[in-house]
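Engineer: Those protein sequences? They're chains C and X, same order as listed. Using the numbering used here, the first residue of the first sequence is number 1, and each one after it goes up by one. Using the numbering used here, the first residue of the second sequence is number 1001, and each one after it goes up by one.
Note that these hints are calculated values from the structure, not bench results. Do not rely on the hints blindly, as some may be mistaken.
Said to hold, decoys possible - Mimicking PhoX-like on lysine-lysine, the simulated pairs with C-alpha atoms at most 20 Å apart in a straight line are:
1. Lys-1209(X) to Lys-418(C)
2. Lys-451(C) to Lys-513(C)
3. Lys-1061(X) to Lys-418(C)
4. Lys-1336(X) to Lys-425(C)
5. Lys-424(C) to Lys-1061(X)
6. Lys-1181(X) to Lys-1218(X)
7. Lys-424(C) to Lys-1231(X)
8. Lys-1061(X) to Lys-1109(X)
9. Lys-418(C) to Lys-1231(X)
10. Lys-477(C) to Lys-10(C)
11. Lys-1179(X) to Lys-1210(X)
12. Lys-66(C) to Lys-1181(X)
13. Lys-418(C) to Lys-451(C)
To be verified - Over the 12 Å line for every Cβ pair with chain X, so calculated as not near, a few chain C residues:
14. Asn-57
15. Gln-65
16. Cys-85
17. Thr-91
18. Ala-121
19. Gly-147
20. Ser-329
21. Pro-383
22. Thr-388
23. Gly-394
24. Leu-395
25. Leu-398
26. Asn-421
To be verified - DEER-style ranges, computed between Cβ atoms:
27. Ser-1012(X) to Lys-334(C): 51 to 57 Å
28. Ser-1012(X) to Lys-169(C): 30 to 36 Å
29. Ser-96(C) to Ala-1264(X): 37 to 43 Å
We put the beta carbon where it would ideally sit given N, CA and C, even for glycine.
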Amino acid sequence: MAKLVGPLRKELADSLSSCRVLVVGAGGIGCELLKNLVLTGFKNIEVIDLDTIDVSNLNRQFLFQKKHVGKSKAQVAKESVLRFCPSANITAYHDSIMNPDYNVEFFRNFQLVMNALDNRAARNHVNRMCLAADIPLIESGTAGYLGQVTVIKKGQTECYECQPKPTQKTFPGCTIRNTPSEPIHCIVWAKYLFNQLFGEEDADQEVSPDTADPEAAWNPADAAARATASNKDGDIKRVSTKEWARSTGYDPVKLFNKVQLFKDDIMYLLTMDKLWKKRKAPLPLDWTEIHHLESSQEEACGTGLKDQQVLGVQGYAQLFHHSVETLRSQLIEKGEGAELVWDKDDPPAMDFVTAAANLRMNVFSMNMKSRFDVKSMAGNIIPAIATTNAVIAGLIVLEALKTLNSEFDQCRTIFLNKQPNPRKKLLVPCALDPPNPSCYVCASKPEVTVKLNVHKTIVQALQDKRFKSGLETNNNKFLSDFGIRNGSRLQVDDFLQDYTLLVNLIHSEELEKDVEFEVVGDAPDKAPTPSVPEEGKNIANGNKDSAQPSTSSKAAAEDDDVLIVDSDEEPSSSTMEASPESSNRKRKHHGTDTDDAASKRKRLDQQPADDDEDIIALD
Amino acid sequence: PVERKKQSNIISEEEAAQYDRQIRLWGLDAQKRLRGSRVLLVGLRGLGAEVAKNLILAGVKGLTLLDHEQVTEESRRAQFLIPVDADGQNQAQASLERAQLLNPMVEVKADTDAVGSKPDDFFFQFDAVCLTRCSKDLMVRVDQLCASRNIKVFCGDVFGYHGYMFSDLGQEHHYVEEKPKVVKGSNEANDGPEAKKPKVDPNETTMVKKTVSFCSFKAALEVDWTNEKAKNNLKRIPVDYFLLQVLLKFRTDKGRDPQPDSFAEDSQLLLQIRDDVLETMGLSSELLPNTFVSYCFSEMAPVCAVVGGVLGQELVKALSQRDAPHRNFFFFDGLKGSGVVDYFGSK
């Protein structure tokens, strides 16, 4: 029986103390992971994180205390770990992993890399670096009660980018500008408004009514007419929002009433009457009128969170007024040409969006939302707890132990559910998928080396190929007639060019009798058959608590519903797919499953039949 | 506890800021219930430390760390709360300071007594009790004592790569679940003026009340396997259940868990106990193949993290009375990465 060091076999325990590992991220998963690594016996650990500690981290990132708020996560994590394991050799980097300093050579220092990230861009980057360095990578993610771990090993498993990941949800411009139907539309609009007034103006973040809205036109000519009319009408509309605001001294009342917001623009929208044929029409708000309304007694804060209160129209009008004034002062303080950047944790910025969004919701007859809820949506906040991260980080280390032993056949993707599945599983291990041969990130062009006599082999013998010229008369010519010689490389494209095989030719006059050709070395493996997942819930990317809008108006919409289009924003605001219904672990069914090297080899023996394959000589 | 504690209704700004990300998940009401709960945690080794961390971070009112054992080099290396110079001190006492620092808003206490020596009424001050490293008899006793008083009882252990959690939330455990509100789809084509009604937010949810019952630890362990029905179901039973029986018997017989220093001797004993236990249950030894002995020594830190995470979350659910509890065992096999929930005992 094996000798044990603690719970581990001695050989495993020894390899742990000598190996070097990299942990990317020192947040929710990262803190738990560092703790698990040192307690398990890992000695040489490097950890990198660009972030600093925030009070909202403290419910789960247990290596940090209140006194550490504002400090580097990587640095404080290292210090905290050393306190209970002083013999650990930890290097901390307060830096972005995407910094070019961390090149392939850097990654090659490690036997294993473990991601503890919250955004897709960094994950893509680390994925590619680990592929380039040929170092195993353990990828993971959590959101709420759900989590997932998987292992990525070049050539053996799927890489992070083998399967397409769902993209950020975005909304069409006309929904934001003309016909919002959900609170999120109003929130996005409010964030755009912030940028138009106080921040960096963006042509894709227009807030004024969209006269070119295809839905607004009774007929196409009408739409064109409106568009021209508004341009002619011109001066008021063409002046940028910010310039206009500046010209009125950011007068909140004027803002409220006049141009953008809740009165004049709404009145304009109302004239686009086709929009309102089947929808409830918006009701404009007037500043002075609001204040004549009976103010509803707002409930004493008492039992709830202050932020969870939903105010009345008056309340949000006040909040709007107040926040505009505060933001105006901020702008003035910053000086000429200054711009503010929206941040959910900046109170007046958050107040502004809360107020503006709610006023717009009111205009469009939606139930208003509390600041708490608006902050969730505007800031892309993903709820997070300690226990989910603890479980996932435990699973990461268990997978890590297998990778160190190169037991990749034992490695699994493991899903953590909120409730057990019908087979009673709360933790669901699934076999890892082989790499996607069409993955543009990790697939190399498959190659095979073939030995034959170029003087004696006719073109036709090579899988009954035709040259691209399509001349059948070529079939009986010898390969050497085309200048094909020793060392020539041919590219074989299959069917719809979905599969490409490179054939290296070695000229030989010493083949056995009746042998036309000989495959030298390994032929590329069959294209893998996709396996059926046990359970699919892809915690795609995680989501960094982000100040960036999760939406853009770039998508041209046929209809008014939500479109999923490629996001153009910063990496920090990618969302994660958590609903049990949507299994994002779609298996890509390769159309070329059958067109693998093995069957090609088979066809090489057969007589020419009809075929769709071409040979292109590369040199 | 004798009377249901009144929830403090005011959440401070400090709490709101710190607990923000979890309030957004389980709601303010759940957080308040947690905040009014007192928990007893027995055993501060690898698993205990994980549970302590998880409960303290969650924001319970009070957590009592109970452990009569002394810190050894081995026990210190197993967890992250004990300072390096604490060898020889009491384990609960040594863990106290770092545990408290995890969240100053929780009252963390250390108790150095042996749990077996505590009088019955000691337990009545708590809303939930979590037992680790306890003998089967002790767990049975405490469970019997507590469950009838609506004190939630949890047991859990880690043996090498394997771990389990058991819960007894009483005959009637009430909880709520958040479900999406059923929104009647509007039929735009057909509606006339009705179409102009304000739209209901598709993200609105409603809270549904539910009740579920649990059996005692005793009943869970004393399932009769000799009848036909049980035998037929055997294939679907996690083997870990039988492994647990073996390990609990080892613990009772030896007064400790299998130790790496006595690997040879303990392995022999484990195999023998396996034979005895399964035979008593009328089952074949083949149910639990010999290989198990290599993987149930000491406590694997990552396994403690997984089991401690699940156990911690079950405590949170039970105390906050939100979301369906796992019923009544969770078994984790660290070799396979599989975690299974299954019910044993009288239904």
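Engineer: Please go over all the hints and tell whether each is borne out by the structure.
Structural biologist: How the hints compare with the structure:
1. Lys-1209(X) to Lys-418(C): 18 Å, holds
2. Lys-451(C) to Lys-513(C): 14 Å, holds
3. Lys-1061(X) to Lys-418(C): 25 Å, violated
4. Lys-1336(X) to Lys-425(C): It holds: about 12 Å lies between the C-alpha atoms, which stays within 20 Å.
5. Lys-424(C) to Lys-1061(X): 33 Å, violated
6. Lys-1181(X) to Lys-1218(X): 40 Å, violated
7. Lys-424(C) to Lys-1231(X): 19 Å, holds
8. Lys-1061(X) to Lys-1109(X): 11 Å, holds
9. Lys-418(C) to Lys-1231(X): Not satisfied, since the Cα-Cα distance of roughly 30 Å exceeds 20 Å.
10. Lys-477(C) to Lys-10(C): 65 Å, violated
11. Lys-1179(X) to Lys-1210(X): 12 Å, holds
12. Lys-66(C) to Lys-1181(X): Roughly 38 Å between the alpha carbons, so the hint for Lys-66(C) and Lys-1181(X) is violated.
13. Lys-418(C) to Lys-451(C): The given pair, whose Cα atoms are some 57 Å apart, is violated under the 20 Å limit.
14. Asn-57: 8 Å, violated
15. Gln-65: 6 Å, violated
16. Cys-85: 8 Å, violated
17. Thr-91: Label holds. Min Cβ-Cβ 20 Å, cutoff 12 Å.
18. Ala-121: The claim holds: Ala-121(C) sits with its nearest Cβ about 22 Å from chain X, beyond 12 Å.
19. Gly-147: 9 Å, violated
20. Ser-329: 24 Å, holds
21. Pro-383: Nearest chain X Cβ is 3 Å from Pro-383(C), so the label is violated.
22. Thr-388: The assertion about Thr-388(C) is violated, with a minimum of 7 Å to chain X.
23. Gly-394: 3 Å, violated
24. Leu-395: Per Cβ check, Leu-395(C) is inside 12 Å of chain X; nearest 6 Å; violated.
25. Leu-398: With a cut-off of 12 Å, Leu-398(C) comes too close to chain X, as the shortest Cβ separation is near 5 Å.
26. Asn-421: Asn-421(C) is in fact no farther than 12 Å from some Cβ atom of chain X, at 10 Å.
27. Ser-1012(X) to Lys-334(C): 51 to 57 Å: At roughly 33 Å between Cβ atoms, Lys-334(C) and Ser-1012(X) fall outside 51 to 57 Å, so the hint is violated.
28. Ser-1012(X) to Lys-169(C): 30 to 36 Å: This hint holds: roughly 35 Å between Cβ atoms.
29. Ser-96(C) to Ala-1264(X): 37 to 43 Å: Violated, at about 51 Å.
Violated hints, in rising order: 3, 5, 6, 9, 10, 12, 13, 14, 15, 16, 19, 21, 22, 23, 24, 25, 26, 27, 29; the structure is consistent with all others.
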